[in-house]
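K.L.:
With the sequences and hints as input, model every part of the structure.
Number of protein chains: 2
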Amino acid sequence: MIIVKIGGGKEINIEAIIEDLAGITEKYVIVHGANALRDKLARDLGQPKQVLTSVKGYTSVYSDEKLLDVMMMTYAGLRNKRIVELCQRHGIDAVGLSGLDGRMVRGKRNKGIRVYQGKKLKIIRDFSGKPVSVNAPLLRLLLDNGYVPILTVPIIDEQRTAINTENDDVVRVLQQALQAETVINLIEAPGFLEDRNDAASLIKNIPSSELASRENQVEGRMKRKMLAVRKLFEQGATKVVISDGRSDHPVRDAMAGKGTVIG
Amino acid sequence: MIIVKIGGGKEINIEAIIEDLAGITEKYVIVHGANALRDKLARDLGQPKQVLTSVKGYTSVYSDEKLLDVMMMTYAGLRNKRIVELCQRHGIDAVGLSGLDGRMVRGKRNKGIRVYQGKKLKIIRDFSGKPVSVNAPLLRLLLDNGYVPILTVPIIDEQRTAINTENDDVVRVLQQALQAETVINLIEAPGFLEDRNDAASLIKNIPSSELASRENQVEGRMKRKMLAVRKLFEQGATKVVISDGRSDHPVRDAMAGKGTVIG
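Chains as they are written, first to last, in the working numbering: chain A, 2 to 264; chain B, 2 to 264.
Do not rely on the hints blindly, as some may be mistaken.
It does not matter which identical chain is used: a pair holds within one copy or between any two.
Derived pair list, reagent style PhoX-like, types lysine-lysine, alpha-carbon separation capped at 25 Å [what the hints assert, rightly or not]:
hint	residue 1	residue 2
1	LYS259	LYS120
2	LYS240	LYS28
3	LYS57	LYS41
4	LYS50	LYS120
5	LYS11	LYS67
6	LYS50	LYS67
7	LYS232	LYS50
8	LYS224	LYS57
Keep in mind that the hints were calculated from the coordinates and are not lab data.
Note that this is a predicted model, so its numbers are computed, not measured.
P.N.:
What follows is the structure in structure tokens.
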């Protein structure tokens, strides 16, 4: 079992990814983002995104009800359905689901994010949270009947309200349920870079034992990504490949070990 | 088995509809629209909708690729996921699917719509078509496992491309597959009106044998709706209720025979 995470950047070569996947015999589940589409739509609607930085240094998008609407439109709507269409065109019998559908991804809403506003500590509560579990029986039902689940946010909280979450965390609970050996993470970079501004600084291999120390070297969004990868190994993943989603053969490249191989 | 069609107008009382459905023991499938949301988003994005009127007098929305994007955002995205969320909050284990997912609704793309531009006859080909069949095994799989399918456009054509279609036609192929006895159609009116501007002119009963003659009395969109209802009976439906989707108990009312009962 493979989990393929597709980043939501606008340079991601989604056609090439789906074409590659059509040639794969192993079973897989896709988790995708759509942040470029979300940000564009939010701008077009005059609701530019606001980013919160927690006191611990993690950044997240401020997810009010309007942003959730925009996410339903772009993640669960436009991006998910265009990916499903592309899959179907390549003979992949895809079924696109948000975390709300069949309560596929169940989470816990954040109590509040501690942020500094100026020098003042404030707690802001929005519609965001952490995934806790997935609906494994529904996933199995689909997989056993030949369907490929294409998953995306929003997810559903304990009050059965739609909440935003990080797709990296969705991948974590998904891997826990499916015990996927391999996680392929397709991003808008050649892999993990020593220097984020220098593509030549690609780190080709990271032993999973080094992840904790790597995590302390990086900041913000990348820090969160490292943490997410470390948790995958704690749960039994044996291989995580972070690879370039912009290439002509993103999945084939990843499976051949191009990018950053962690294991 | 009941098919509940929920109109896409902005006055539809979606909360009340889902609340009513939570109290029903019979199995059902929902098909919903989102035209008010679609038109609003299209306007907000500076792509106001264009309506085509065929030489036979049927009107349809000109569905280019951009409109399909907007439909994915509003029908399959925002409206579908907010309905799923509402269902989940009421204990209905809803799974929202477009016609693309698992090729749930398979159609045939229109070869072209014959329209007059001034006095000139022109054929315009867009991404629209007619549904031909549904993925009955996937529907059964979901229903048999306790899930309620929430269906909407777009659907998928023979080239596996997303196309727009009328939800009335989706209901028709769905009824054919499920042999639902009852179809409830919730609209922004008390039912079929003799005079569309007079709510008091409600037609309480129409024998199915009179549908063909009624069809000839009306125009445009209503003509198409009558035709769609007539086809349901040709396929074995025994009861179609067209009822007010704006009331406090739209489904309960419809099941009690309020609105227009055809049978």
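K.L.:
Hint by hint, note whether the structure agrees.
P.N.:
Status of each hint after checking the structure:
1. LYS259 x LYS120: For LYS259 and LYS120, the Cα distance exceeds 25 Å both inside one copy (45 Å) and across copies (61 Å).
2. LYS240 x LYS28: Classified as within: same-chain Cα gap 16 Å, cross-chain 44 Å, threshold 25 Å.
3. LYS57 x LYS41: Classified as neither: same-chain Cα gap 28 Å, cross-chain 40 Å, threshold 25 Å.
4. LYS50 x LYS120: within (22 Å within a copy, 49 Å between copies)
5. LYS11 x LYS67: Intra 22 Å, inter 17 Å, cutoff 25 Å: intra and inter.
6. LYS50 x LYS67: both (10 Å within a copy, 23 Å between copies)
7. LYS232 x LYS50: neither (28 Å within a copy, 48 Å between copies)
8. LYS224 x LYS57: within (11 Å within a copy, 62 Å between copies)
Hint compliance for this structure: hints 1, 3, 7 are broken, all remaining hints hold.
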